[in-house]
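First to last, the sequence lines map onto chains D and W.
Just so we're aligned: 77 in numbering that gives the first Met the number 0 is position 78 of the first sequence, and the numbers increase by one with no gaps anywhere.
Just so we're aligned: 336 in numbering that gives the first Met the number 0 is position 337 of the second sequence, and the numbers increase by one with no gaps anywhere.
No wet-lab data here; the hints were simulated from the structure.
Wrong hints could be hidden among the right ones.
[As the list claims (entries may be wrong)] Restraint-style ranges between C-beta atoms, simulated for each label pair:
#1 TYR202(D) with ARG68(W): 50 to 58 Å
#2 GLY290(W) with ILE117(D): 33 to 41 Å
#3 LYS227(D) with GLU206(W): 45 to 53 Å
#4 TYR202(D) with ASP67(W): 28 to 36 Å
#5 GLU64(W) with SER108(D): 15 to 23 Å
#6 LYS171(W) with SER201(D): 35 to 43 Å
#7 GLU361(W) with GLU257(D): 28 to 36 Å
#8 ASP28(D) with HIS193(W): 48 to 56 Å
#9 VAL50(W) with SER201(D): 21 to 29 Å
#10 TYR202(D) with THR285(W): 24 to 32 Å
#11 THR91(W) with TYR202(D): 20 to 28 Å
[What the hints assert, rightly or not] Okay, the calculated bits of chain W under chain D, using three or more residues with CB under 8 Å as the criterion:
#12 27 to 40
#13 75 to 88
#14 131 to 141
#15 277 to 285
#16 329 to 341
Beta carbons: idealized from backbone N, C-alpha and C, even for Gly.
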Amino acid sequence: MTTTKKPKLAVWKFASCDGCQLSLLDCEDELLAIAEAVHIANFPEASRAVEKGPYDVSLVEGSITTPHDAERIHKIRRISKYLITIGACATAGGIQALRNFKDVNDFISIVYAHPEYIETLNKSTPIADHVFVDFELRGCPINKYQLLEVVNALLNGRKPNIPPYSVCIECKRKGNVCVMVASGTPCLGPVTQAGCGALCPSYNRGCFGCFGPKETPNTVSLAAQFEKLDVTRDDIVRIFRGFNAFAEPFRKESEAYEK
Amino acid sequence: MKNLMIAIVERKDFQSLFDALKKKGYQISGPTLRDNAVIYDNISSVEDLPVGWTDKQDAGRYRLEKSDRASLFGYVLGPQSWKKFLYPAEHTFLNISRNGKRFEVGSAEEEQQPQAFIGVRPCELQALAIYDRVLGEGEFAATSYQLRRKKLFITAVNCIQPGGTCFCASMKTGPKATGGFDLALTEMFDSGRHYFLTEAGTKLGEEVLKQIPNREAGEKDILAAEEALRKASEKMGRRLDIKDIKEMMYRRFDDPHWEEISQRCMTCGNCTMVCPTCFCVNVEDTTSLDGREAQRLRKWDSCFTVDFSYIHGGSIRATTTSRYRQWMMHKLSYWQDQFGMLGCVGCGRCITWCPVGIDITEEAAYFRKEDK
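Only chain W is shown next, with the shape it has when bound in the complex (with noise of 0.2 Å):
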């Protein structure tokens, strides 16, 4: 990322940013008020982002919170993540029809317009980099994602003020963008200033940033931001202590508090749909009436379902100890046989969308505790 520009953006050239990509030919996304959360979706201006909101989060618990400053990223997660645009929670791949005693299949798959994505946390790039692993390449790449994914153009935001459920600085994912983005923000106030130093991570990123006024950073830009984001670091609401978690998962995994915990978990599957990391999918076939079309679907499904794991005879994991564990277990543990890396980031989104509160972070503690 050497010799890449870092600038400085004021508050009121903002909106340049927005000129710039839509000029590029981008359908910009990001973050927006609606039914008391901030969600992501189409946005084409500032005014459209949740200026002087912030919000509020524990287990099971998100409330939004007038700011005392007029800050564009002043919150900090909503529910939603990036998954709902690169990878939608419905999508139709195959087209089949009949004809005659024959039949035709045909991918349903399209082009795609550009995606340009404003407000990328740092956990969330990480949670990119995951899919990127599972979806964009090998055994279970997917076109629909390939092809949404390849045109890409990421804004990502730094975190300087971390939320209740978070826990990024102990999973190493945040609260500063180490790379994945082409531009990254860092929302600064200062004496009555409100400026946001970017930094360039691309050459695209830079072409972008060469469009928005902007003015070279300062060493004392640069370190004030650093600052800032040193003390978000020490502000994460909850912490996960990953030290050979692998290994220390596998030791529990016949803990008597899988038990417990399942008392709690309602098998809802909130859980893995807000998860960024989660891809699991069901396949659906649909037909006409009369039978001559037909469709091959994709849906968001989860492990914490019963026929998830249904194979001939009935389901392998009829128990919600069983479900839960699962869950758990692939995050912390399997999913470094399967991919060789964590499947959690950190976000705490199944935390504070957990209907009842479960909380890895405590759950993970606990195992801990247990093992030694």
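Next up, chain D with everything else stripped away, as it sits in the complex (with noise of 0.2 Å):
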């Protein structure tokens, strides 16, 4: 890869905590070798020296909540060869996708002294709902290994090992104890994309779900197992209302269990 010319690289930001841009920053170990390699072209969040595009990668971060960004993910789409979303926010809608559930006029009128400012979408949507996404990097916030992983296989011309099976298959490879099976503790585990390290799981936590969903996630057989455990029905709509809460199937299974 020496020979040829680097990558030109963007980071964007949508609605957002800036908590995954920063997973970038966070590569201390690798950060060297990922300068040497990319060319960091368009990053407020590292340096205001930006460049113009086109790109040749643009890291996408947060949802789309305003009409002025419905438009601006257009334009970005238009100068990046390669489009990747990264985190919750970007490719479900994030925790601010609760919105989704209740009207948003009334929190307007609650959260703004001057509401009349204020114009924003009744719905956070993620950005593949928008424009045409190569990859989605899941996680809130999502594992800097992951990012890397996925840099580092576009420098190499690979695929990137991001599987999108279970959060319990790599909590078993681990070698941790099942905190539902052992303890009792309801777990999104089985439901959610791997990715994390099994982290909540390896500190007895159940999963979170911050992954959001895997392939094929059967949330009813689980859900009905949650019930089973003596988890009120309210609390399995909380459950499935976390960071992807507006992922199809989180959403479908904690407004199954709203009524």
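Starting from the two chains in their separate frames, assemble the complex, guided by the hints.
Put into structure tokens, the structure is as follows:
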């Protein structure tokens, strides 16, 4: 790869907390190697020097919540060869998608002193609802090693090793004891995509579903098991309504228990 | 196994087994408590064992409980199997480096410190026999497995107290170890006495046994252990009728009941991870950022994932129904065609550790009923 031109990288922010793009700066040990391998052309969190596009790779963080952003994402798509979304906001609408279950106008009048200045969409939606996305990196926040893996795979022309299977598989590989079976703790691991390294079960907590629904998730069966563990219907709604509340399988399950 | 020693080792002398194995240079692995369960890990003394603990198991449920006696092996089985040592969950087996326009490939396999397992249950001995058949020889032989297996010392423990999801008796793999061990223990309690009937299965086992304070077992001792094991075989929590099971399952291939199971199955893969005979792995390549170094890794995989059956163009088992059926039919039918033996040993882990408690014995019984 040393002989080819360095790919130009841009990082973009939409409605989000900045945590995912900071994962890039969090790659302390690998940061120099990344700066060697890619040309960071547009990353306001890291540098004021912003170069114009087009870009080879755009990392997009955050969800679409305003009419302005709904326009802006199309411009970014046009100047990006590869567009990779990073984090639960960009891939599922984020925690702010809780608004999608209510009338956003009710919030605006309560939260803002001058609601007339607020221009917002009634739903927080993932980037893929608006433009074509080449690759989605899940998580709240994303795992920095997964980010490195995607960049690495792109640089070396190989497929990234980002499996869409359950958290349980990496949890068991790690040698953890299942918190649901051994302690009766409700856990979203069986319906959640791997990638975090089974962080919460490693500390005897149930999985919060930060990485969103796995491939072919059976939330109906898991929710039924939660009921057997004496989790109330209200709590089942809350469990599925986290950072990935608007991801379809989680959304449908929480709505089924809301009635 | 004739002419090998059978002896009595008192509880107070049990630490000598650890000492003898350590003296021979073994890394000892065995049961120990962690996170509300008995797991297998490296241990160094009797104190590391789950002394005085037992487990209550049912479909999708495992609870550790205090036992009324200070048994060393009063638990049944935990979520882990010995494959974590012999066929690790993640293992790098090739190192590749770029050298100008060429690249060099080198094996990452290394000689291993000899390992001694303490507490291998009879069903797990059968699982090791299966691994020996699948990974130890022939077409799918794995160097890493062979390197670990050839130096292994096995101390088996017979099951006088089977668990709620156990069905080794019907699978004919337990509760008594009949071979494949260096030493086999039966933990006995008799009017205040706590001792181990210890049977050597190999010359090496006998050599170790001689290092431990012991006395020759009398006929009475042997009969008492036999009796305890006979009672145990009647106390199995589950049973699976294996009569003509291969053909029976083949006949149920299109049974609508598979669809019903798939309503409950989450394709999370837990059953395959805890199964002591599941051997499927994925092969992954990683690279350094500059593309100069690469590694080839093996990771435990599961037939419950979509990518597992991915061939060009898509996955051949897209539905949950097809994936559960593949797993269960592999254990009970295809395995017999492939390796000439059953792929299930009756340990019951897949039942206990399925988060929603899907029970292979219950499903097999359902199919058998349908078959009549």
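Structure-based check of all given hints:
| no. | hint | in the structure |
| --- | --- | --- |
| 1 | TYR202(D) with ARG68(W): 50 to 58 Å | violated, 33 Å |
| 2 | GLY290(W) with ILE117(D): 33 to 41 Å | violated, 49 Å |
| 3 | LYS227(D) with GLU206(W): 45 to 53 Å | holds, 51 Å |
| 4 | TYR202(D) with ASP67(W): 28 to 36 Å | holds, 32 Å |
| 5 | GLU64(W) with SER108(D): 15 to 23 Å | violated, 56 Å |
| 6 | LYS171(W) with SER201(D): 35 to 43 Å | holds, 38 Å |
| 7 | GLU361(W) with GLU257(D): 28 to 36 Å | holds, 33 Å |
| 8 | ASP28(D) with HIS193(W): 48 to 56 Å | holds, 53 Å |
| 9 | VAL50(W) with SER201(D): 21 to 29 Å | holds, 26 Å |
| 10 | TYR202(D) with THR285(W): 24 to 32 Å | holds, 27 Å |
| 11 | THR91(W) with TYR202(D): 20 to 28 Å | holds, 27 Å |
| 12 | 27 to 40 | holds (count 5) |
| 13 | 75 to 88 | holds (count 5) |
| 14 | 131 to 141 | violated (count 0) |
| 15 | 277 to 285 | holds (count 3) |
| 16 | 329 to 341 | violated (count 0) |
Checked against the numbered hints above, the structure breaks hints 1, 2, 5, 14, 16 and satisfies the rest.
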